[in-house]
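K.L.:
One letter stands for each residue in the lines below.
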Amino acid sequence: MRWIRFAVLVCLATIAQATLSNYNLRPDLLIILVVFFAIYNNTTDAIITSFILGFAADLIGITMGSQMISFGILGTALSYLNHVFALRKVPYQVTSIIAMTILAGFCTNILNSLKHAGTIEFSYILKTAIFSAIVGPFLFLPCTWWMKIKTHRNRRRY
Amino acid sequence: MAWKQIKTRIIGNSTNREGSLSRRMLFIWCMLASVIFYLIPQDSSNKLQLAFARVFHVPLSASRNFSLSNRTQQNLNDTVSKKKYDELENSYHNLEQRLIKLADDFQHLTNLNSVVGQNVGYILGTVSIADNKNSNLAISCKGTNGLRIGQFVLERKNCIIGRIIDISPKMAEAKVQLVTNPDSQIAVRIEGLNQDLKMQGNGDGTAKISMVSREQKISIGQNVFVSIRNGFLDSNMIVGTISRFKPDDKNPLLWDITVKPKWELEEIFEIAVIIKQQQ
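So the sequences go chain by chain: A and B. One gets the numbering used here by counting positions in the first sequence from 1 and adding 2 to each. One gets the numbering used here by counting positions in the second sequence from 1 and adding 1 to each.
Simulated from the structure, these hints should not be mistaken for laboratory data. It cannot be assumed that every hint is accurate.
[Said to hold, decoys possible] Computed list of chain A residues with no C-beta within reach of chain B, every gap over 12 angstroms: (1) Leu14; (2) Ile49; (3) Phe53; (4) Ile54; (5) Phe57; (6) Leu61; (7) Leu89; (8) Ala101; (9) Ile104; (10) Phe108; (11) Lys117; (12) Leu128.
[Unchecked claim] Derived DEER-like restraints, expressed as beta-carbon distance ranges: (13) A:Tyr25 to B:Asp105: 42 to 52 angstroms; (14) B:Lys85 to A:Tyr25: 52 to 62 angstroms; (15) A:Thr146 to B:Ala54: 29 to 39 angstroms; (16) B:Leu33 to A:Pro144: 12 to 22 angstroms; (17) A:Ala18 to B:Lys85: 29 to 39 angstroms; (18) A:Ala119 to B:Asn95: 20 to 30 angstroms; (19) A:Ala18 to B:Leu96: 39 to 49 angstroms; (20) A:Asn26 to B:Ala54: 36 to 46 angstroms.
Computed from a predicted structure; not experimentally measured. Ideal placement from N, C-alpha and C gives every residue a C-beta, glycine not left out.
Pulled out of the complex, with its shape left as it was, chain A reads as follows:
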């Protein structure tokens, strides 16, 4: 794992995500990265990246901690799931992004409501999930290039 490159990527994605907050319909770039690192990295790195990306999402979000917990748990779960199913095929990636966005939104809403903070409408989460699923697989290509990850390995990693 190239952590400096990862740090640059996270900063760029966070700034881009904060900029996209001006638009009603936008992809969740950080969730896309969580899925990307869960699929293309080993489990240890996936756990760390998920929590860091969750922290980044919290920095531009409503409250601190809620997305860090959601992203961390779901990213770790997806990484373990990647041991069972090879998620490198595009349809699986699309499904993963949709499921991750919806579940993360759901978890974040629960945690935010426990903290009496603002929640996000489900219709908005669904729209974001679909848009992220469309954009996600295309973003995987530049991400693999930037992180210098070999995508042609088809064997499962334990």
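Chain B: place on chain A using the hints.
P.N.:
Frame of chain A; chain B shown alone:
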């Protein structure tokens, strides 16, 4: 490589156990950090968010301006120039004032309807020139259609002030002879007397009524009404009150009555011309 070395040192030689335990510990530590972030008060966590915004202020503002400019470009057709905006704003304020005036006129007309009757209409106007010396007024109306010589003019307190003696359609103006003008002669009735009398202006802001028998009981403060017999009216309307009365010098059998109008010329700014509608 370094990560593997740390894991090996802590856990030992068993690859399977070392990996799973390490991940579990890592996950627990990360979760613990997340829970700490989650539990710290909002004020403290806001500082972190503000720090991020401060550190990345330049790229954030640049990208935000870029996205906003893109969005603004899309809505460019919905905007107007500053010059046009100022013009529209001024028009808006003028229209607002006009609306206030119309609401005021509406209220005035509603009051007039309740006071005068249903068979009369009104033309509202404003006083252009008040000639105190000659007891005349020049009034400006929105239109002179419907104006006739002899029609009575009301002031804002629903009291007759005079009648129209000249109309200038081109200027949309009319001349009003006040009841205090020496040339003004109108039929009036004194409250409580069932008799039409003639009232003539004195030219000093008052008018006088003659030909009232001394047998009639007169008192100061009695109301004087413009009689319906003058035409143009649907009912008698108040013009003033008796301010003084004394025996007539020329004919001691009659009263010499002075009437003071219930209005002050200086206070008249808006008027209404009474138009009796055709039955």
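K.L.:
Look at each hint and say if it fits the structure.
P.N.:
Hints versus structure:
no. : hint                                    : result
1   : Leu14                                   : violated, 9 angstroms
2   : Ile49                                   : violated, 5 angstroms
3   : Phe53                                   : violated, 4 angstroms
4   : Ile54                                   : violated, 9 angstroms
5   : Phe57                                   : violated, 7 angstroms
6   : Leu61                                   : violated, 4 angstroms
7   : Leu89                                   : holds, 18 angstroms
8   : Ala101                                  : holds, 20 angstroms
9   : Ile104                                  : holds, 20 angstroms
10  : Phe108                                  : holds, 16 angstroms
11  : Lys117                                  : violated, 7 angstroms
12  : Leu128                                  : holds, 23 angstroms
13  : A:Tyr25 to B:Asp105: 42 to 52 angstroms : holds, 48 angstroms
14  : B:Lys85 to A:Tyr25: 52 to 62 angstroms  : violated, 29 angstroms
15  : A:Thr146 to B:Ala54: 29 to 39 angstroms : holds, 30 angstroms
16  : B:Leu33 to A:Pro144: 12 to 22 angstroms : violated, 34 angstroms
17  : A:Ala18 to B:Lys85: 29 to 39 angstroms  : holds, 37 angstroms
18  : A:Ala119 to B:Asn95: 20 to 30 angstroms : violated, 48 angstroms
19  : A:Ala18 to B:Leu96: 39 to 49 angstroms  : holds, 46 angstroms
20  : A:Asn26 to B:Ala54: 36 to 46 angstroms  : violated, 22 angstroms
Figure legend: structure checked against the earlier numbered hints; hints not met, in rising order: 1, 2, 3, 4, 5, 6, 11, 14, 16, 18, 20.
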